[in-house]
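Undergrad: Here's the letter readout for the chains.
There are 4 protein chains.
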Amino acid sequence: MLSYATKAEMQSLFRSVSNWGRWGDNDERGTLNYLTTECAVAAAKLISTGESISCARNFPVDPGPENPTPALHHMVIGGDDPCAHGIPGMEVSLDFIGIAYHGLASSHIDALCHVFVDGKMYNGIDATEVRSTGARRNSIMCAKDGIVGRGVLLDIPRLRGTEFVDPTKPVTADELSAAEKSQDMRVGEGDIVLISVGRDAHRAQHPPKPGEATTLAGLHPDCIPWLHAREVSVLGSDAVHDPVPSPAPIENWPIPVHMCGLAAMGMHLLDNLYFVDLEAACVRAKRWKFFFTLSPLRIARGTGSPINPIAIL
Amino acid sequence: MLSYATKAEMQSLFRSVSNWGRWGDNDERGTLNYLTTECAVAAAKLISTGESISCARNFPVDPGPENPTPALHHMVIGGDDPCAHGIPGMEVSLDFIGIAYHGLASSHIDALCHVFVDGKMYNGIDATEVRSTGARRNSIMCAKDGIVGRGVLLDIPRLRGTEFVDPTKPVTADELSAAEKSQDMRVGEGDIVLISVGRDAHRAQHPPKPGEATTLAGLHPDCIPWLHAREVSVLGSDAVHDPVPSPAPIENWPIPVHMCGLAAMGMHLLDNLYFVDLEAACVRAKRWKFFFTLSPLRIARGTGSPINPIAIL
Amino acid sequence: MLSYATKAEMQSLFRSVSNWGRWGDNDERGTLNYLTTECAVAAAKLISTGESISCARNFPVDPGPENPTPALHHMVIGGDDPCAHGIPGMEVSLDFIGIAYHGLASSHIDALCHVFVDGKMYNGIDATEVRSTGARRNSIMCAKDGIVGRGVLLDIPRLRGTEFVDPTKPVTADELSAAEKSQDMRVGEGDIVLISVGRDAHRAQHPPKPGEATTLAGLHPDCIPWLHAREVSVLGSDAVHDPVPSPAPIENWPIPVHMCGLAAMGMHLLDNLYFVDLEAACVRAKRWKFFFTLSPLRIARGTGSPINPIAIL
Amino acid sequence: MLSYATKAEMQSLFRSVSNWGRWGDNDERGTLNYLTTECAVAAAKLISTGESISCARNFPVDPGPENPTPALHHMVIGGDDPCAHGIPGMEVSLDFIGIAYHGLASSHIDALCHVFVDGKMYNGIDATEVRSTGARRNSIMCAKDGIVGRGVLLDIPRLRGTEFVDPTKPVTADELSAAEKSQDMRVGEGDIVLISVGRDAHRAQHPPKPGEATTLAGLHPDCIPWLHAREVSVLGSDAVHDPVPSPAPIENWPIPVHMCGLAAMGMHLLDNLYFVDLEAACVRAKRWKFFFTLSPLRIARGTGSPINPIAIL
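Chains as they are written, first to last, in our numbering: chain A, 1 to 313; chain B, 1 to 313; chain C, 1 to 313; chain D, 1 to 313.
No wet-lab data here; the hints were simulated from the structure.
Fair warning: this is a prediction, and the values are worked out from it, not measured in the lab.
Treat the hints with caution; some may be incorrect.
Stated by the list, open to error - Partial list, derived from the structure: chain D residues whose beta carbon lies under 8 Å from chain B:
1. I77
2. T133
3. E212
As the list claims (entries may be wrong) - Below 27 Å or equal to it, Euclidean Cα-Cα: the simulated DSS-like pairs (lysine-lysine) are:
4. K45(C) x K45(D)
5. K209(B) x K209(D)
6. K286(C) x K45(D)
7. K45(A) x K286(B)
8. K169(D) x K7(D)
9. K45(A) x K45(B)
Note that beta-carbon positions come from the ideal geometry of N, C-alpha and C, so glycine has one too.
If we strip away everything but chain A, and leave its shape as in the complex, we get (with noise of 0.2 Å):
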């Protein structure tokens, strides 16, 4: 039994998740393959009022402990010169935006180029394919036509009766289960699992100083090899999966979600989603599991995209 403690427990943990080769040598998708279109006309049946709820944050302009490196929002034509194009009665207000979206403030997709274990990411592909131009390989193209399936929302606050997770106590994979049974539903094959961690509530009690060290609850690794077995295709978080910093650091592993779960098991992750109408909708509607529907932006040779993740009940 791995304690996930030691450097040598995690390559343990990593090769025996590893999913290279199990969707032939060229596969780039991982765990999508989970997510077939079965899974998404199951998921069509769980829609029954119809209410969407977005699972996004707001493009985060606003700079902050969590967001050092802003993204942007300029108008480029706005309405005190809406005639600047000079085309007689055109009169238009328009935008850029601009952003580096991974970090800990903009909810976004991971794609399977975003994370090398010893210079390797996904399916034993070289890091050195992801240029200064681009990824070549595991860019987030894969999921570029959606990722539609059934969501289930493990509520990990609720289960400890807790506002939100302790930071120093990261969700465990016991937790995953109990989470399931409490809730009335078994996480199975091709699942998109959202792991709440009540960042929200947490931020609210605890808001962001500038002199702190951000701290953001996340996932014991021993919840990876249950993620695993579960088989799940897609893992999102209203954090980052991995704590931040680590309650318990591994030599050399410093994010193990991220790191076994990209590159090991190829599985696409959503980091800093918003949870708080989710997770109330599913309370007043008594049900956890939802379909849910993503899109990316189609960037080729992309390492992910900004999201806006949507759950229909």
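Dock chains B, C and D against chain A, hints included.
TA: Only chains B, C and D this time, still in chain A's reference frame:
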């Protein structure tokens, strides 16, 4: 009967399709009000094979006649320097994207603040509410929870028995009705109507030459009352709805569908979609209606968003 | 005698140093009018060793308390993909920079359109002339041919016998006069005056902590009439002229030097310069006057420009 | 004698003008080593009228055949919302600029890391030292203290008695010598040589048509040994030195002046300068030598910088 040829006629048309005040003086959703949760529930029943299809073009980084201000895609950290963060074992790549998404190249949604007529946008709000710091009214945030409903594809080249719509012969309201019939369906309240002009087939045969003025097929203004009468919620096109250039210019009314659609009706527009894959799937499935969903990035004060809409059959 | 403590006194000061109309109603150069070609010729005679010294900070890409919206520096093509252009034998690297250069981090020049007082900028022009599409009046283009003249460095820490100016004790007009004398020179018409507050020595001893509010030393408002009387052409600082935060806030006058300097006098400001190297060279040379030159980027409608001013001894 | 027509000849030329090792194995300044402080002192004596003249084009925000990826200039706060900061009395406007400055539109300096030949840049350094995260060697920072010296303008159209250099007839070394003589001067060690091809006169008569391939006049490769022999420090052009397209293409040597100048000689290049004003002033003054200065932005790891060089007569 209007011929839609003069400024006076367009002003009359504008008034006749205006929804200002229809859903309250503070409404910012416009015809999204037609798109109820019931529409989403009904649309979900259209999911049969579970096949999902992107209706977006790739992020437009390549300059060209239709893309004079290309989007930016820059690596921030590539695979040649994955340890740049300096945290032992942290090996990542990440990138930056930037885009002024309006125009002819990017698949995007127009917010209701994108176009003004005589200094006013939807619901009579002054253009000056769109400031250099962003849109205080009628921003894209009204669609933050996603747009979910029945998509219907009106395939005009198929109706005409051609590969693409001739840019000099705009699509008429009669053709919209004829397309419905030939595709065995009827557009109704809340539908997300996608009108294909075969832009990509046209481009394949007439690749835009550097020196050539851009031409894009579009709708005749007489489609506007048709869309209004049918209570369409959202209108999408593989081009930009208004012909470029107009084969029958109207004084001071350069873009009638944008002007009446956005400013009078409050109907969000989806520009520069990609229908080649969807059309093929519809032909295979012998149906042109499907579950359709898109979610803009949550750009507070944004005039729209790049999007990747998904049709699910 | 004004104490420069109340709104009324500031309004009076503003009027007394106003150059509105002085060089014509259409003038956009302000105190650059003092900087004649004769000044440049005279300044050239100060070149003796030929040593040139940058007075700029590095392009500020690193986030921090003084740099909440860092500049962008992205490679477009790096040395890992030099043949990306696809032209045989063409091997290049190239990059992209982006910056909102105002603020506390970037060495930049403020154009006269950067600051308004009661809705007016220099020469009585309305703020609304700076539109979402750029500044139609008082842009940086008035300095497109470069700023060339005599630079004089007033080294206030040296005068005070300290390493840096205490942010709570602003530099006074009397100190400017005393610094002149102690450095054996007299500021005169057309001079480019650089006032060192020892920002970098202060930072070395008090590195900005993440949680700490930024403090920057600056000038007391009584320096304003001094600068006006001496007919200074351009004012530079290693900080931002106005203390941050003000140790003696004045109602509605948060940044008196910017407000009186830019809007009343029409005096361009150079913010966030770097004087460590220049100070050392001046001490070595036992003189604090030198040939000084800077040239803004030719940003039509720009509110300023990032700069790298050069002192030549 | 080389004809500069074959790959072998170019390789031979490259070796013959190579300065690799000349100023030490770690040198990153290349021919800037010729530009001593004595040069600056001597150049200062050329200042007689004090007239300063910009040699830069405007920041290139407008798309066009020569500017496929236009620079960005966005307002962040305009005069329609000057109080956006929310600080009482603080009324400002500010803007953002962004640019990938290499190419045919922006006045910029090429750092020595901009071009590689057979995977090597100046002084034999490997191209891979320019990573996705920036240039670790041969960046523009070697010129951070400005480039100051004697500028000499060789006006080739004037020599030829034409308005502009015909793009199909590159400037030869003999013409450089003839221009010197006709302008009564001799290029010597450390000079900053500016070679005018009359680009703007050419453009005025042949405005670039959208469909037309760009043509720019440039230098014949036989100018390279001439520049090497004269120990030129920096080379500037109103075009890009190498003809576009080459009227006599050499296998695998698409841009000989860039390849030999930057990579072999270590000579910084100034591209896309603007000489119309300078030429007129030189004619008026009957001299073509002057004090010349430019300072790149201090972009750590940058491959160059946008610039606004100034000539002072």
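Undergrad: Between K169(D) and K7(D), is the straight-line Cα distance small enough, at 27 Å or below?
TA: 21 Å, holds
Undergrad: Quick check on the hint: E212(D) CB to chain B CB, less than 8 Å?
TA: 6 Å, holds
Undergrad: Grab the minimum C-beta distance from T133(D) to chain B and call the hint holds if it beats 8 Å, violated otherwise.
TA: Holds: closest Cβ of chain B sits about 5 Å from T133(D), inside 8 Å.
Undergrad: Would you mind confirming whether the straight-line C-alpha gap from K45(A) to K45(B) stays at or under 27 Å?
TA: OK: K45(A) and K45(B) at ~8 Å, within 27 Å.
Undergrad: Does the alpha-carbon distance linking K45(C) and K45(D) stay inside the 27 Å limit?
TA: Judged against 27 Å, a Cα distance of about 8 Å means the pair holds.
Undergrad: K286(C) and K45(D) were given as a pair; does the straight-line alpha-carbon distance stay at or below 27 Å?
TA: 22 Å, holds
Undergrad: Are the Cα atoms of K45(A) and K286(B) separated by 27 Å or less?
TA: Holds, at about 22 Å.
Undergrad: Interface hint check: I77(D), Cβ to nearest Cβ on chain B, cutoff 8 Å. Holds or violated?
TA: This interface hint holds because 6 Å falls under the 8 Å limit.
Undergrad: Does K209(D) sit within 27 Å of K209(B), going by the straight-line distance between their CA atoms?
TA: Holds, because 12 Å separates the two Cα atoms, which is no more than 27 Å.
The structure agrees with every numbered hint stated previously.
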